[in-house]
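Colleague: Knowing the structure of chain Y, use the given hints to seat chain G on it.
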Amino acid sequence: MFILIVGCGRVGSSVARAMLREGHTVSALDEDPESHARLEVGLEKSWEDLGGQFTVGAGLEAEALEAAGIDGADVFIASTDGDNTNIIIAQIAKRRYNVPTVIARVLDPLRAEWYARQGLQTVCPTRVAIDMLETAVRDSAARGDGPEGAAEAA
Amino acid sequence: MYIIVVGAGKVGWNLARELLEKDHEVTLIESDRRRYLTVEQELEHNVSYGDASELWVLERAGVQRADMVIAVTGDDEDNMLICQVAREKYLVDQIIARVNNPRNRQHFDLLGIKPSVSATDLILRLLEHEVPEYGLIHLLDLQEEQLEIIEMLLGKDSGVTGRRVGDLHMPEGSLLISVLRSGKGFVPSADTVLEEGDEVLAVLDPGKEEELKVLFGPAGDGGVASG
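Here the protein sequences come in this chain order: Y and G. 149 is the number that numbering that gives the first Met the number 0 gives to position 150 of the first sequence; each next residue is one higher, with no gaps. 118 is the number that numbering that gives the first Met the number 0 gives to position 119 of the second sequence; each next residue is one higher, with no gaps.
Keep in mind that the hints were calculated from the coordinates and are not lab data. Yeah, the Cβ is synthetic: ideal placement off N, Cα and C, and Gly gets one too. Mixed in with the good hints there might be a few duds.
Label-pair restraints from in silico Cβ distances [as the list claims (entries may be wrong)]:
id, chain 1, residue 1, chain 2, residue 2, range
1, G, Gly49, Y, Asp73, 36 to 42 Å
2, Y, Asp70, G, Glu43, 49 to 55 Å
3, Y, Asp70, G, Leu36, 44 to 50 Å
4, G, Glu58, Y, Gly143, 37 to 43 Å
5, Y, Pro124, G, Arg64, 30 to 36 Å
6, G, Thr37, Y, Thr125, 29 to 35 Å
In silico lysine-lysine, BS3-like type, Cα no more than 30 Å apart, as pairs [claimed, not checked]:
id, chain 1, residue 1, chain 2, residue 2
7, G, Lys113, G, Lys155
8, G, Lys9, G, Lys21
9, G, Lys207, G, Lys155
10, Y, Lys93, G, Lys88
11, G, Lys212, G, Lys155
12, Y, Lys93, G, Lys113
Isolated chain Y (complex conformation):
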């Protein structure tokens, strides 16, 4: 599969490396030329030598998206550090370029939920963190940790 990842931060670069390792064709697009270095963290060869593609440009620029190969993309991942940017460019990938699978990272749970209901596939790390924290607290309460539980146990 051809995977286009826009936004090459910690999340984008890790997903890019993992997908390349699994044998997919991966193209990364980021405004910041320095983010190329993040792609190569832990790699024994250069990103390009391993078959990866890297383009400098903004996700909102049609020219940049096209240079990064959006016309042939099977999967589009919007993982810039801006929720609104991710939501907008994901819709562009879907509606203008007809990319079959489009996923947007959205940190704000409210926006992530509403856009998911509109048919946009969203991933919300904040939601995951909230759920994990709540679960951890509930587990702790169920185990009877803390002064109350300790008193009961005694």
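Modeller: For chain G alone, coordinates are given in the frame of chain Y:
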């Protein structure tokens, strides 16, 4: 009307002030704390602090009962998202979005965010108006109506000066609607003879511009039937 304006930059602040003077109910939303505090000194309770792309901030401002949402921040993604959410989630009747980078206009159109207003486009058009070698000026795109209105200045080498309007072979889907001559405008008839220095306005289907440019341009085919 209840109008929410997002972004208290120069555009948003002045817009909010004007709307308040016209007796509208207005909430101006600004996400920068310092800017908010400055604007709040004048607009007081009409300005609200927060990031309007957070749904709860919009809800706190009463987006559900707003008649209009105008997004004029300096960020095109924010303006698109705010307008999209206002219209599609909160069913706000009227939205207006500011386009900061004219190259992003295609995205506003793709997402159906209309009308969108680009100051840069307006200034570019003004520039074209001041620099007459362009000869042809876009006055207005009526996107919904699929029409454009353009203005053309007839130079001395224009192929149509000295010709009757009735003799011009106007491209199908175009119409001369007015002539501005020596500071006075009138609606041309078939017998009107065009003169050098006339500014003519034409309404046309999109895409007819080039044909008109050829017709009205230097030594263009004035359209006198060859037969």
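Colleague: Look at each hint and say if it fits the structure.
Modeller: So, going through the hints one by one against the coordinates:
For glycine 49 (chain G) paired with aspartate 73 (chain Y), a C-beta distance near 39 Å keeps the hint of 36 to 42 Å intact. One distance hint, 49 to 55 Å for the beta-carbon pair aspartate 70 (chain Y) and glutamate 43 (chain G), holds here, with the actual separation near 52 Å. Checked against the hint of 44 to 50 Å, the pair aspartate 70 (chain Y) and leucine 36 (chain G) passes, with Cβ atoms roughly 47 Å apart. Separated by about 40 Å at the C-beta atoms, glutamate 58 (chain G) and glycine 143 (chain Y) satisfy the suggested range of 37 to 43 Å.
For the hinted restraint 30 to 36 Å between proline 124 (chain Y) and arginine 64 (chain G), the CB-CB distance of approximately 33 Å keeps it satisfied. A hinted range of 29 to 35 Å holds for the C-beta pair threonine 37 (chain G) and threonine 125 (chain Y), which are about 31 Å apart. Distance hint between lysine 113 (chain G) and lysine 155 (chain G) is unfulfilled; the C-alpha atoms sit about 40 Å from each other, more than 30 Å. Distance check on the hinted pair: lysine 9 (chain G) and lysine 21 (chain G) sit about 18 Å apart at the alpha-carbon level, within 30 Å; holds.
With a CA separation close to 23 Å, the supplied pair lysine 207 (chain G) and lysine 155 (chain G) stays within the 30 Å bound. A C-alpha spacing of about 20 Å is found between lysine 93 (chain Y) and lysine 88 (chain G), which places the hinted pair at or below 30 Å, so the restraint holds. Between lysine 212 (chain G) and lysine 155 (chain G), the direct Cα distance comes to roughly 15 Å. Compliance with the 30 Å bound is thereby established for this hinted pair. Proximity of lysine 93 (chain Y) to lysine 113 (chain G) is assessed by CA-CA distance (about 20 Å); at most 30 Å being required, the pair is judged to hold.
Hint 7 alone, counting from the list given before, is not met by this structure.
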